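2 protein chains.
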Amino acid sequence: MKVKEIMDQKFIIVGPDEDLLQASIKLEEHRKFTAPVVNKDKKLIGWITALDVTRGLREGQKKVSDIMHSTEEIVHVHQNDPARLAVLAASQHKLVSIPVLDDANMLVGVVRASDIVKTLSSLYEIKVDKIFRAMAEELKGVNWAELMEASAIVTRRRTGTMVTAKDYEKRIKNSTFGEAIWTTGGLEKFFVGLIAIGELVIARRIAKARK
Amino acid sequence: MKVKEIMDQKFIIVGPDEDLLQASIKLEEHRKFTAPVVNKDKKLIGWITALDVTRGLREGQKKVSDIMHSTEEIVHVHQNDPARLAVLAASQHKLVSIPVLDDANMLVGVVRASDIVKTLSSLYEIKVDKIFRAMAEELKGVNWAELMEASAIVTRRRTGTMVTAKDYEKRIKNSTFGEAIWTTGGLEKFFVGLIAIGELVIARRIAKARK
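Read top to bottom, the protein sequences are chains A and B.
Going by my numbering, the first sequence wraps up at 472, each residue one higher than the last.
Going by my numbering, the second sequence wraps up at 472, each residue one higher than the last.
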């Protein structure tokens, strides 16, 4: 995934000569804590935050350029960078938004922490059921009931709790991937559990074929 | 995972009678765009953002209580809520931080979008190699070389690209789970690929045992 796929192309901009009071009203109206400062060519020349604006208002500053950070001080990404660069930047520097530039260094978007949260969390929200459906489809010659039966057996072996195939089916229908990796103790453990189920189901299929 | 595991217990607070100028300086010094307003008992009674502060300063307001949002207007979570509730709230309402309450409705923490990004992205950053190591350990009687060989075969079948076991090993060493699910086209497809590899490796193990 690239930065341009998670960036917001709708963003507010301010000019360096813009009146600070006007800029503060603009931030409030659009409920943005930050805004890029651009010149007439849409080139990024600075960055302001609502905190810079409060300081500027307190200290009697007049223009955006009086309070803005220079581009050297701020983190930016390019639209064709891998999205994970923006994610790592937001995480490491605790940023609420990051300006996105094109190859000519023109401002083309903004990546926001809330958009990153939305993108990242969609993986966690995938229903475990969907993974099992894909697994059943992949394992030719194994039907859904057999898969649930094997899953219940593996769960009983691993956790010692009495779980029937029906219980298991109900459980995965209502749980998300995020919950599943949390319950099993991590991504690798979750996958290993699935592999164990796959192994058992294949062994049972072979045993059946031999009969 | 619970909210209390991802919340920040270090946070700034402001009082309703606090001078607005002082509150604005406090936000700037701690580089926070938001702050909870609490009474003397540490009970949450409101919320301010840097944008409310800029408006207050412009309009000549004097106290925090003049600009704060009431608790009815703001989203909060409880410390024992599942962490995903905070994640969904941050994503849906585009929040940069969310106050966390205990059972007595006292303020005990703040969940920040950047912390959520950090927590969520750690899953994406897991090396694919780790998943394969766990898989090799689970599949008794299958060694690493056999697993890489089967992985290369499955990849060749599915993508039509010539990949050797060595190529495959190198590839998974350098790629993350996030990249892998992006490359394969989603979580289910990534997992189905693993199951196909598991299936092949088991079939080869059985064939070998019969010889």
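Simulated from the structure, these hints should not be mistaken for lab results.
These numbers come from a predicted model, not from an experiment.
Be aware that one or more of the hints could be misleading.
No copy is singled out in the list; a pair is fine if it fits within one copy or between any two copies.
[Stated by the list, open to error] Taking lysine to aspartate or glutamate pairs in the EDC-like style, the calculated list, with each CA pair at most 20 Å apart, reads: (1) K265 to E440; (2) K271 to D327; (3) K391 to D363; (4) K469 to D342; (5) K355 to D376; (6) K401 to E449; (7) K450 to E398; (8) K388 to E449; (9) K434 to E399.
Hint-by-hint comparison with the structure:
With identical chains, the CA atoms of K265 and E440 are at most 20 Å apart between copies only, with a shortest distance of 16 Å across copies and 29 Å within one. In this homomeric assembly, K271 and D327 never come within 20 Å of each other (Cα to Cα): the closest approach is 25 Å inside a single copy and 32 Å across copies. When the C-alpha separation of K391 and D363 is checked against a cutoff of 20 Å, the pair qualifies neither within a copy, at 37 Å, nor between copies, at 35 Å. Proximity of K469 to D342 under the C-alpha cut-off of 20 Å is found in neither arrangement, the shortest distances being 51 Å within a copy and 46 Å between copies.
In the homo-oligomer, the alpha carbons of K355 and D376 lie at most 20 Å apart both inside one protomer (14 Å) and across protomers (8 Å), since each shortest distance falls under that limit. For the identical chains of this complex, K401 and E449 are inter-copy neighbours only, at 16 Å across copies versus 24 Å inside a copy, given an alpha-carbon limit of 20 Å. In this assembly of identical chains, the alpha carbons of K450 and E398 lie at most 20 Å apart only when taken from different copies (11 Å versus 22 Å within one copy). Proximity of K388 to E449 under the C-alpha cut-off of 20 Å is found in both arrangements, the shortest distances being 18 Å within a copy and 10 Å between copies.
When the C-alpha separation of K434 and E399 is checked against a cutoff of 20 Å, the pair qualifies only within one copy, where the shortest distance is 19 Å, while the shortest distance between copies is 25 Å.
Violated hints, listed in ascending order, are 2, 3 and 4; each of the other numbered hints is respected by the structure.
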